[in-house]
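Undergrad: Take a look at the letters that make up each chain.
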Amino acid sequence: MAHMNLLQAINHALVTAMSADDRVMVLGEDVGHFGGVFRATSELQAKFGQARCFNTPITEQGIIGFATGLAAQGQVPVAEIQFADYIFPAFDQIVNETAKYSYRSGGQFNCGNLTIRTPYGGGIAGGHYHSQSPEAFFTHIPGIKVVIPSNPYYAKGLLLAAIRDPDPVLFMEPKRIYRAAVGEVPEDDYTLPIGRAHVVQEGADITLVAWGAQVSIIQKAAAMAEAEGISCAVIDLCSLLPWDVNTVCASVKRTGRLLINHEAPITSGFASEIAATVQGECFLYLEAPIQRVCGLDTPFPLIHEKEYMPDEHKTLAAIKYAVHF
Amino acid sequence: MAIKERNHLQDIHATHDVHVIKNGLVDIPMLQLLDAQGNLLSQELDLWDEQTALRIFKSMHYIRILDERMVSAQRQGRISFYLACTGEEASVIASTAALSNADMVMTQYREQGVLAYRGYRTEQFMNQLLSNALDPNKGRQMPIHYGDKALNFMTVSSPLGTQIPQAAGYAYGQKMAGEAALTICYFGEGAASEGDFHAGLNMAAVLHCPVIFFCRNNGYAISTPAHEQFAGDGIASRGIGYGVNTIRVDGNDPLAVYLATLKAREIALTDNCPVLIEAMTYRLAAHSTSDDPASYRAKSEEQEWQFKDPIVRMQRHLQQQGWFDQTHIDEYCTTQRAEILQALKTAEVKPKTDISEIVTDVYQDIPAHLARQRDELIAHIKLHRKHYPATIMSNKD
Amino acid sequence: MQEFILPDIGEGIVECELLAWLVAEGDTIVEDQPVAEVMTDKATVQIPAMYSGVITKLHYQTGDIAKVHQPLFAMDVSGMNELNSVVHTPTYILSENDDLDTQRPTNMSMQRSGRQHKSLASPAVRRLAKESGIDINLIKGSGNKGRIMKGDVTSNLLEFVTRNASGPLKTAGQLTAESTKMRGLQAAMSKHMAHAWASIPHFTVSDECTVDNLLAIKQTLSAQFAQADIKLTLLPFMVKALSLAMREFPIINASVSQDGEAIEYHSSHHIGIAIDTPKGLIVPNIKDVQALSIYQIAQRIQELVKSAQHNQLSAEDLRGGTVTISNIGPLGGITATPIINHPQVAIVALGKIQRLPRFNEHDEVVGVNIMNINWSGDHRVIDGATMVRFNNAWMQYLTQPVAMLTHLR
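Residue numbers (the working numbering), protein chains in the order written: chain A, 1 to 325; chain B, 1 to 397; chain C, 1 to 409.
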């Protein structure tokens, strides 16, 4: 066991993966000698050589196209997109190529070895272009998986699982807690299952769901609710595509209430998918309307970041609304 | 480890006059080895052998017959869509002939000649075109979106240019795996306007990828002529900009294309670098069966290029070499025409793919939500069978 | 004779102009021979024949607009079968069973209530009502804008279900191992008891009640009541005495609010009587005991018992009770810990009357008729002392019925 922050856990996962399998390669902007703008890939080039950890020119479409071809050849690329805000030039490659590689060829070809890593999310005074949470766009793409860790233990286990998963995986890292999230992480090689949610705590009155950095927010809100006599179940979704419908629904059937929290704008955010599925599966158990505590439908603001964020206070207010409905 | 000192100006010297580099300053001539009559233009070069030449020639005939047959089939409503490569047979087939079978081929969609040369069987073409249960794509894609793992032919996708950076990555992987093989990537001059072209070439050069980028400059992108596609000197001039070794070739000269590709292959594998080949050719065909060129180009222009038909040029060359036998090729064409027609008829009555395949290959294993969607779909169809009479469902469901 | 259908030759076109026929009716043609030239907005194309044969009919004239997916021309292929490919057949042959549009999935049963308005209730509450066999539209909601809350359903459980009670319990004598789903009254009872036990902290207080004087009065008045066809028991006296005692201890005649934060005192004494029927235990109540005479109470009890036996109790009989008496004594038993009939706060179970030896005031052993009284109370709002004091007050009337005279109105 070692005490690590989220970044160190990610770096650890990369070292572990690259040591275990010669085919694992890391590429992206500034990931080489520099170690990445967040130091997630630090020392990898020194340890494994430039052929396996290298800088690319600034071209997200190129990075993902290149990595897709590399994966199709049989190598195991881990491609970094420096900020999720910059992933959009690669959207065509991801949607039309990466996600369809296997289906369109009847399974003759696949790029399942590909993992895309990208920091996402606000809380670092990043404004429009360093704070976005674009996960909803990608959950709408059949053929890829979307995974989001909330703490160092999950980051390492899920990243190793993503790298080894037979399908292409988008691994989104909550940058706000890169250093703030610390915990005990096993130093050996381990994976955690993709598609399985993590029940952080059980509760009786309402089920709270979030992922990434917002898990600690709903945990705060749960503690505040507890002080007022409301018992909250807290679920870290971990995977968004596929997502653990059974775990969430089993909890909602017990509590009768659901609240989903995400930074991304509320309209068509991933909470919509969860709410629609849960009301379909748990309709007769619902005691109150499903609550979505999310960002506003605006570009991510700078000076109004605090007010924009779906914080624990907004979450608590929604909890109480649901419980007293 | 000490950080390297680099001087990004080291290859640049100063000037004291305003030095404007004009477009077209670099002369990029077009390699031509056979004239229109099929005569060798240089006695110095290494020639190909008769077997290779004949195989190329027959493949060119074959693909032209297949194209004619399938355009006609589309007009008869037997397939929904087809795309012919008329006029570009030399560009594609002669370059394929210069490769190893281990080389990966990534194409745009007008390169069916690659498959013909590598031995894709007529029934295999037909199964994909008719989307029957034997289509390796399991009926998922439109006609002409072939893919064959055994022949190292990457499955075609419709978006333009996406294969270009993928080819660079694939080649990088081949290099890392120590394979004595490279990747060739075909695309048209129109696709070369896409961002993926620039991304792919730049990355291939910077990352030392053994890849041949083969541009079929055929003059048109649907209705858009080349002069509305770019202002520079073709696509070849861009190679220079990205630090990529570049060869321009007469795309309708099979021998030139063959030797250019051989050379490119040697350079790419020896130096682990990309090579750009721009083949100057002409799209005699319409863009596809949805297109009629009469509305955007003159018949006289087409006729001019018909005189440069690569099959005719090849025949003349074979005749020059004493390798041509009229009876033999006539028999070949007649047989192929009949076999192709028969294969079409056989393929079009074969059943389509079973409906349960609709959810396979999205992921390696079928996830729970897809299994459920499939089951609900099948249940629905069973309940309303008369509205879905053509659906193939195995009885065990 | 084969009709050639004009295909969609260009991604979703619906029609094209027939520019020219390249054959005439009566012409013998071969497979692939160009037959017509048509123009769409994308292209001008030639249509080749799929079969060899003789053209029998051209369906359009030059310049006409031909419709896609409609016949373009007809030809006779019958004389030249060996040259033609297999005629396309659909892959699935229709049978008589295919008209499944009339079939509906079996899990979809749609019963509409006759009411025009729709009750406001959350999905969870609706499910509870449905499982209890209650029509949610008949429940009066206590929530905002008449919204039906869970408590409205549970407090109405018994009264609705007993009226629709169906099916006897398992009869004695059968010794089989099986599992039967609880339905109707049984299910409602089960839920009602569970809810009461879960939401009310019960405590029990017991005492012995000397009923000799009560028995004497009954003896005295029996004949008079019999004339009115009423079989007199001790119960009417006990009911009236209960009402008198509750005047002094109104907490016994109260309820705790839904949110558990208020005590609701009821002005009327609607005293419930547990009645054993073949279908199970039913608890109708006597309305406004505070305003009834013992005679009226006795009458009412008799009516209710008869109605219960014949399953004719009304909803009104079953709802609104404020306290309950459960007289199990006639069957047996001494001590009991009855479960409160939520949303009431107290219930009394009466044990059997036993003739027992007791010391009198002179230390002599005398034979006394004793009935055990067992109260369960809601400990949220009733403490032990209050319960005992109240029971003492009640027993005062039971042991010395003449004391009731002082409160006669």
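Derived by calculation from the structure, the hints in this document are not laboratory data. A quick note: this is a predicted structure, and the numbers were derived from the prediction, not measured. Glycine residues also receive a C-beta, built at the ideal position from the N, C-alpha and C atoms. One or more of the hints may lead you astray.
Per label pair, the in silico range of CB-to-CB distance [claimed, not checked]:
#1 40(B) to 63(C): 13 to 21 Å
#2 42(B) to 64(C): 54 to 62 Å
#3 51(B) to 129(A): 27 to 35 Å
#4 365(B) to 50(A): 31 to 39 Å
Undergrad: With respect to the beta-carbon atoms only, verify the hint that residue 51(B) and residue 129(A) lie 27 to 35 Å apart.
TA: Violated, since residue 51(B) and residue 129(A) (Cβ atoms, about 59 Å apart) do not stay within the stated range.
Undergrad: Could you tell me whether the CB distance from residue 40(B) to residue 63(C) stays inside 13 to 21 Å?
TA: Taking Cβ atoms as reference, residue 40(B) and residue 63(C) lie about 55 Å apart, which means the hint is violated.
Undergrad: I want to verify a distance hint. Is the separation of the beta carbons of residue 365(B) and residue 50(A) within 31 to 39 Å?
TA: holds, 36 Å
Undergrad: Between residue 42(B) and residue 64(C), does the beta-carbon spacing fit 54 to 62 Å?
TA: holds, 59 Å
Against the hints set out earlier in the document, violations occur for numbers 1 and 3.
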